[in-house]
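Chains as they are written, first to last, in my numbering: chain A, 21 to 305; chain B, 341 to 780; chain C, 73 to 402.
One should not assume that every hint holds.
[Stated by the list, open to error] So, partial list: chain C residues that the calculated Cβ filter (under 10 angstroms) puts toward chain A: (1) R164; (2) V241; (3) I243; (4) M246; (5) V255; (6) R267; (7) Q279; (8) G364.
[To be verified] Once the Cα atoms are required to be at most 20 angstroms apart in a straight line, the calculated SDA-like pairs of lysine to any residue come out as: (9) A:K118 x C:V158; (10) B:K753 x C:R249; (11) B:K469 x B:P432; (12) B:K753 x C:I308; (13) B:K753 x C:I181; (14) B:K386 x B:V442; (15) A:K271 x A:K118; (16) A:K183 x A:A228; (17) B:K469 x B:F409; (18) A:K238 x A:T194; (19) B:K469 x B:G517; (20) B:K456 x B:T419; (21) A:K118 x C:L142; (22) B:K456 x B:G387; (23) B:K630 x B:L649; (24) B:K456 x B:G466; (25) A:K118 x A:T148; (26) B:K630 x B:S640; (27) B:K753 x C:P186; (28) B:K753 x C:L188; (29) B:K630 x B:M654; (30) B:K469 x B:T487; (31) A:K271 x A:S283; (32) A:K118 x C:D207; (33) A:K118 x C:I308; (34) B:K753 x C:W191; (35) B:K456 x B:E423; (36) A:K238 x A:P277.
Don't read these hints as lab results, they were simulated from the structure. Every residue, glycine too, gets a C-beta built ideally from N, C-alpha and C.
Okay, here's what each chain looks like letter by letter:
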Amino acid sequence: MTAEPSTAQELFDGVPYEPGAAKNDPILVADNVRRAFGGLVAVDVEHLEVQRGAITALIGPNGAGKTTFFNLLTNFDEPDTGDRLFEGNDLSGVSAYKVANLGMVRTFQLTKSLSKMTVIDNMRLGGTEQAGESFFRALMPFLWRRQEAEITERADALLERFKLSHMRNEFAGTLSGGQRKLLEMARALMVRPNMVMLDEPMAGVNPALKQSLLDHVKGLRDEGMTVLFVEHDMDMVQEISDWVVVMAEGKIIAEGPPESIASNQAVVDAYLGSHHGSALELEAD
Amino acid sequence: MGGVQLMTAFTGVRRSAMALAFGLLLLVGLGAGASVSAQESGGEVKGNLVQKDDDGERVGVPGVTFRAFDESGAEVSSTTTAEDGSWSMIVPEGTYDILLDVETLPAGVSLRNPDKNPASVTLIDGSSKSTLFPLGEAEASSAGGNTVIQLIVDGLKLGLIIAMCAIGLSLIYGTTGLTNFAHGESVTFGAVMAYLLNNAGVFGVRLHLIPATVIVVLICGSAGGLFNRTVWRPMRRRGASLVAALVVSIGFSIFFRYVILFIFSGRAKRLRDYQIQEQWDLGLFRLAPKDLVLMIISVSVLVGVASALQFTRMGKAMRAVSDNRDLAESTGIDVERVISLVWICGSALAGLGGVLFGLTESINWEMGFRILLLMFAGVTLGGLGTAYGALFGSIIVGLFIQLSTLVIPTDMKNVGALLMLIVILLIRPQGLFGRRERIG
Amino acid sequence: MDWGAIIQNSFRGFIGEPFIYFSLAAMGLNMHYGYTGLLNFGQAVFMAAGAYGLSMAVVTLGLNFWWGLLLGIVIFPLLLALIMGVPTLRLRADYLAIVTIAASEMFRIIARSPSLDRWTGSSDGLTAFANRFYDFNPFDKQKRYFFGLFIGNQMWVVLVGWIVLSIVVLIVWMTMRSPWGRVLRAIREDEDAARSLGKNAYWFKMQSLMIGGMFGALGGMFRAIGTQSAQPQNFITDVTFFAWVALILGGAAKVGGPIAGAAILYGILNFTDVLLRQLVENGYMPEAIMDGTQVGQVRFMMIGLGLILLAIYRPQGIFGTKEEMALDDR
Numbered sequence: 021m022t023a024e025p026s027t028a029q030e031l032f033d034g035v036p037y038e039p040g041a042a043k044n045d046p047i048l049v050a051d052n053v054r055r056a057f058g059g060l061v062a063v064d065v066e067h068l069e070v071q072r073g074a075i076t077a078l079i080g081p082n083g084a085g086k087t088t089f090f091n092l093l094t095n096f097d098e099p100d101t102g103d104r105l106f107e108g109n110d111l112s113g114v115s116a117y118k119v120a121n122l123g124m125v126r127t128f129q130l131t132k133s134l135s136k137m138t139v140i141d142n143m144r145l146g147g148t149e150q151a152g153e154s155f156f157r158a159l160m161p162f163l164w165r166r167q168e169a170e171i172t173e174r175a176d177a178l179l180e181r182f183k184l185s186h187m188r189n190e191f192a193g194t195l196s197g198g199q200r201k202l203l204e205m206a207r208a209l210m211v212r213p214n215m216v217m218l219d220e221p222m223a224g225v226n227p228a229l230k231q232s233l234l235d236h237v238k239g240l241r242d243e244g245m246t247v248l249f250v251e252h253d254m255d256m257v258q259e260i261s262d263w264v265v266v267m268a269e270g271k272i273i274a275e276g277p278p279e280s281i282a283s284n285q286a287v288v289d290a291y292l293g294s295h296h297g298s299a300l301e302l303e304a305d
Numbered sequence: 341m342g343g344v345q346l347m348t349a350f351t352g353v354r355r356s357a358m359a360l361a362f363g364l365l366l367l368v369g370l371g372a373g374a375s376v377s378a379q380e381s382g383g384e385v386k387g388n389l390v391q392k393d394d395d396g397e398r399v400g401v402p403g404v405t406f407r408a409f410d411e412s413g414a415e416v417s418s419t420t421t422a423e424d425g426s427w428s429m430i431v432p433e434g435t436y437d438i439l440l441d442v443e444t445l446p447a448g449v450s451l452r453n454p455d456k457n458p459a460s461v462t463l464i465d466g467s468s469k470s471t472l473f474p475l476g477e478a479e480a481s482s483a484g485g486n487t488v489i490q491l492i493v494d495g496l497k498l499g500l501i502i503a504m505c506a507i508g509l510s511l512i513y514g515t516t517g518l519t520n521f522a523h524g525e526s527v528t529f530g531a532v533m534a535y536l537l538n539n540a541g542v543f544g545v546r547l548h549l550i551p552a553t554v555i556v557v558l559i560c561g562s563a564g565g566l567f568n569r570t571v572w573r574p575m576r577r578r579g580a581s582l583v584a585a586l587v588v589s590i591g592f593s594i595f596f597r598y599v600i601l602f603i604f605s606g607r608a609k610r611l612r613d614y615q616i617q618e619q620w621d622l623g624l625f626r627l628a629p630k631d632l633v634l635m636i637i638s639v640s641v642l643v644g645v646a647s648a649l650q651f652t653r654m655g656k657a658m659r660a661v662s663d664n665r666d667l668a669e670s671t672g673i674d675v676e677r678v679i680s681l682v683w684i685c686g687s688a689l690a691g692l693g694g695v696l697f698g699l700t701e702s703i704n705w706e707m708g709f710r711i712l713l714l715m716f717a718g719v720t721l722g723g724l725g726t727a728y729g730a731l732f733g734s735i736i737v738g739l740f741i742q743l744s745t746l747v748i749p750t751d752m753k754n755v756g757a758l759l760m761l762i763v764i765l766l767i768r769p770q771g772l773f774g775r776r777e778r779i780g
Numbered sequence: 073m074d075w076g077a078i079i080q081n082s083f084r085g086f087i088g089e090p091f092i093y094f095s096l097a098a099m100g101l102n103m104h105y106g107y108t109g110l111l112n113f114g115q116a117v118f119m120a121a122g123a124y125g126l127s128m129a130v131v132t133l134g135l136n137f138w139w140g141l142l143l144g145i146v147i148f149p150l151l152l153a154l155i156m157g158v159p160t161l162r163l164r165a166d167y168l169a170i171v172t173i174a175a176s177e178m179f180r181i182i183a184r185s186p187s188l189d190r191w192t193g194s195s196d197g198l199t200a201f202a203n204r205f206y207d208f209n210p211f212d213k214q215k216r217y218f219f220g221l222f223i224g225n226q227m228w229v230v231l232v233g234w235i236v237l238s239i240v241v242l243i244v245w246m247t248m249r250s251p252w253g254r255v256l257r258a259i260r261e262d263e264d265a266a267r268s269l270g271k272n273a274y275w276f277k278m279q280s281l282m283i284g285g286m287f288g289a290l291g292g293m294f295r296a297i298g299t300q301s302a303q304p305q306n307f308i309t310d311v312t313f314f315a316w317v318a319l320i321l322g323g324a325a326k327v328g329g330p331i332a333g334a335a336i337l338y339g340i341l342n343f344t345d346v347l348l349r350q351l352v353e354n355g356y357m358p359e360a361i362m363d364g365t366q367v368g369q370v371r372f373m374m375i376g377l378g379l380i381l382l383a384i385y386r387p388q389g390i391f392g393t394k395e396e397m398a399l400d401d402r
């Protein structure tokens, strides 16, 4: 039931197992974040802190507002009210691309590999501060050729690590679902992020690839990166997360290490969809 | 009026192919309307009575009587202008006074130089002389009407017509995701068909405008249904991308437009019925009876469509498909049937809009394309894909266009509406009634 | 029937002036649509910006030819790109399509408006602004060149056009092999992905709109210089779609696609045009079907039909491959 003891769990020493708990060294803080679509309130989070250097899972039943909240945290959506702080930078009104440049990179639930570009071009795209991305310098290859070589070298190293080297020159569209997830993760690393946000990294991945994906995610933490992921797959949550945040109906209802979550009454209620219901009804189900 | 009945009447039309073939047949028949003038002894006095419409296009003024008086003051000959405003009289050698019968001029039109009517012409055998009678707009304010209120009334009229045309555009977008650039050609098609039935006649029979309009609505609805079935449904089946569909709709827009130009010619024309009407002077503004009827028809049709969308099973299904196609499909709605009905109703409404627009202004081969852009402005203002938004947005656009003439020259009034389109996108891209979407 | 004239005209279509105008316009569209995925249906307005930038600078404002070039190639297109791009590039692709087509209509209304006659020459347009260009003409105005296809002045326009076209091709080829072009292609594939990797998609799309617009303006300017007039009629909405057909025909996202497409398109258009005219003139065409003035309308019908057929049956164009870019995708 429990994952093997990890040093990462020491990061949470003294943190209470309750929604909105303050962390010892938060990298990302959300305050009163609210987002409504029409009349429907999708997200209404009072307070959340994400611990630096740990793997945090964001879980919850369908329609809990996880993905919306995830989009709000990465600035791919703008909240109606509320503040988000990433490494002390206020994210209000900041464009999504700037958030990436601040060091927070996300992936997508439906993988966004650029299918009509080659795998290596997908990777190269992730390189930051490329001189050749200016139109005028693009016309003068000698200004960016060296940087391009460096980027390619780094990209090849990452492809090696994610076991995609053999696909290097293929169009990304020819990759399998799992390979695309790997490519997307590897590409995100090209940005050299401090924090990686993974939106359902296991969705649509065949079981054979799952273990390697899990290892890669753990690898990110071991390199000092912070990981936040949204996931349905409880096995994955149990196995790799250091801390779990549970959402239901747009709110955070529970927080704690994975082993504390399974026994949390609020969580059980939320998943069985009977928040007002009694234990008797639960048994009847 | 029978907005709802109309709606239900043409939803029943399924044998669309036949109706369309009939329509095309009528369109081809249009070529046979040319008149031939014979040269006899005596001289010919002729002219072309034209007026500039709101777009600055020169439109012939039909049905105006010219009389020729000889030097003794006796009426020798008289004639009435044809559809294109041309007229001609053959008279014996001599000097004549050519009089334009001012009584027969359409409402709101008057001679620019009333003192040059009658005009004196001297003719010898075999000669042909043109006489010019320049027309100007009657002074709108001469009767003491209030310009702003007049413009509001005009704007409302225009807005209602745009709204009627735009509902189809918006519903097609809502249910299929297609921004149909060929929708404007449905409007032109409706107007041209009305002209054909009303002016040129079919097999020598000219229909009165009212039955003609009913037929036009039926033909346009069937043509829309047929268009959906032969082009768009197969494309949807093949899973064609929306960009490809968009490009195809533009292709059709251009193709239809130039086919209409080819057959109908580039000259603007007017419908035969209800052209000459005295405007009522209602103190604050002036209104021709036809305009009142037109506005009543538009309002009834729009109210009918709105209630159909709100209360009937099919209307609810349309809104459901617009809202979320997959969800609608999973609840057992026959999505393809809904889409097909949307095409039929939308095209029929566009055709009706075309007739009404032709009634207030003139009919020309690219009228639909110009209205299309106003529809875009209206639909964007209201919120793309929302039926009611399209309605209100279009009315606001109509008002805006007319009221903007207080500030900018009349010939550029549509620019204001298009500028508004850009400004809306800048400040409230979801439109007045649309839901805020995620913006990157 | 003068078959010599028909063949000669078709060949002129392959390499002559309209080919140059529309290759340039289609190169711009390729930047917009082929590489960035922007739906610009108002390339005609960018062309008009080039034509009117030059002619208004010289005729209306009394500036010299060089200022006209600056205004027409740089300033007007950039302003236009900002006006059309700022409101729409944050939104879904159809909004740019609507706004660009609306801009075409606005151009038509404004350029034809008698109230602005002093500035634009209204329907008649502006003339006598290109003398400076022809001053440099090294060819003899009286003589025919290049297999007798072009007289001196035309030869000069065509020669400069080819040179400019080659430069534009070189620019596109180089930028598309650079990181800049890579970002554009990424945006075409998926804007959000590009954004998640720290690329300012909005700004890159704006750059693409501007640069492709400038290529279009070059095409329009050549058209004005070649015909020695800037007239609203030459830049109406439908003109855009000649460039679109050229682009799709040759294959979007291929550097040479627009050029091949424009050559083939104008070969075909000139061929049918001359053929029909000859048929009408020589009385082979019954007058009930078609007269001289209607011949010009046929070419627009062909453009419409071409768009439909290409989009449905051959979205990747004649030379394109489905892997790299196809209309029928996304």
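Verification of the supplied hints:
no. : hint            : result
1   : R164            : violated (15 angstroms)
2   : V241            : violated (13 angstroms)
3   : I243            : holds (7 angstroms)
4   : M246            : holds (5 angstroms)
5   : V255            : holds (6 angstroms)
6   : R267            : holds (5 angstroms)
7   : Q279            : holds (6 angstroms)
8   : G364            : violated (47 angstroms)
9   : A:K118 x C:V158 : holds (19 angstroms)
10  : B:K753 x C:R249 : violated (46 angstroms)
11  : B:K469 x B:P432 : holds (13 angstroms)
12  : B:K753 x C:I308 : holds (18 angstroms)
13  : B:K753 x C:I181 : holds (9 angstroms)
14  : B:K386 x B:V442 : holds (17 angstroms)
15  : A:K271 x A:K118 : violated (27 angstroms)
16  : A:K183 x A:A228 : holds (14 angstroms)
17  : B:K469 x B:F409 : holds (16 angstroms)
18  : A:K238 x A:T194 : violated (27 angstroms)
19  : B:K469 x B:G517 : violated (58 angstroms)
20  : B:K456 x B:T419 : holds (19 angstroms)
21  : A:K118 x C:L142 : violated (34 angstroms)
22  : B:K456 x B:G387 : holds (15 angstroms)
23  : B:K630 x B:L649 : violated (28 angstroms)
24  : B:K456 x B:G466 : violated (25 angstroms)
25  : A:K118 x A:T148 : holds (11 angstroms)
26  : B:K630 x B:S640 : holds (15 angstroms)
27  : B:K753 x C:P186 : holds (13 angstroms)
28  : B:K753 x C:L188 : holds (14 angstroms)
29  : B:K630 x B:M654 : violated (33 angstroms)
30  : B:K469 x B:T487 : violated (41 angstroms)
31  : A:K271 x A:S283 : holds (19 angstroms)
32  : A:K118 x C:D207 : violated (52 angstroms)
33  : A:K118 x C:I308 : violated (40 angstroms)
34  : B:K753 x C:W191 : holds (18 angstroms)
35  : B:K456 x B:E423 : violated (24 angstroms)
36  : A:K238 x A:P277 : holds (16 angstroms)
Going down the numbered hints, you'll see the structure goes against 1, 2, 8, 10, 15, 18, 19, 21, 23, 24, 29, 30, 32, 33 and 35, while the others check out.
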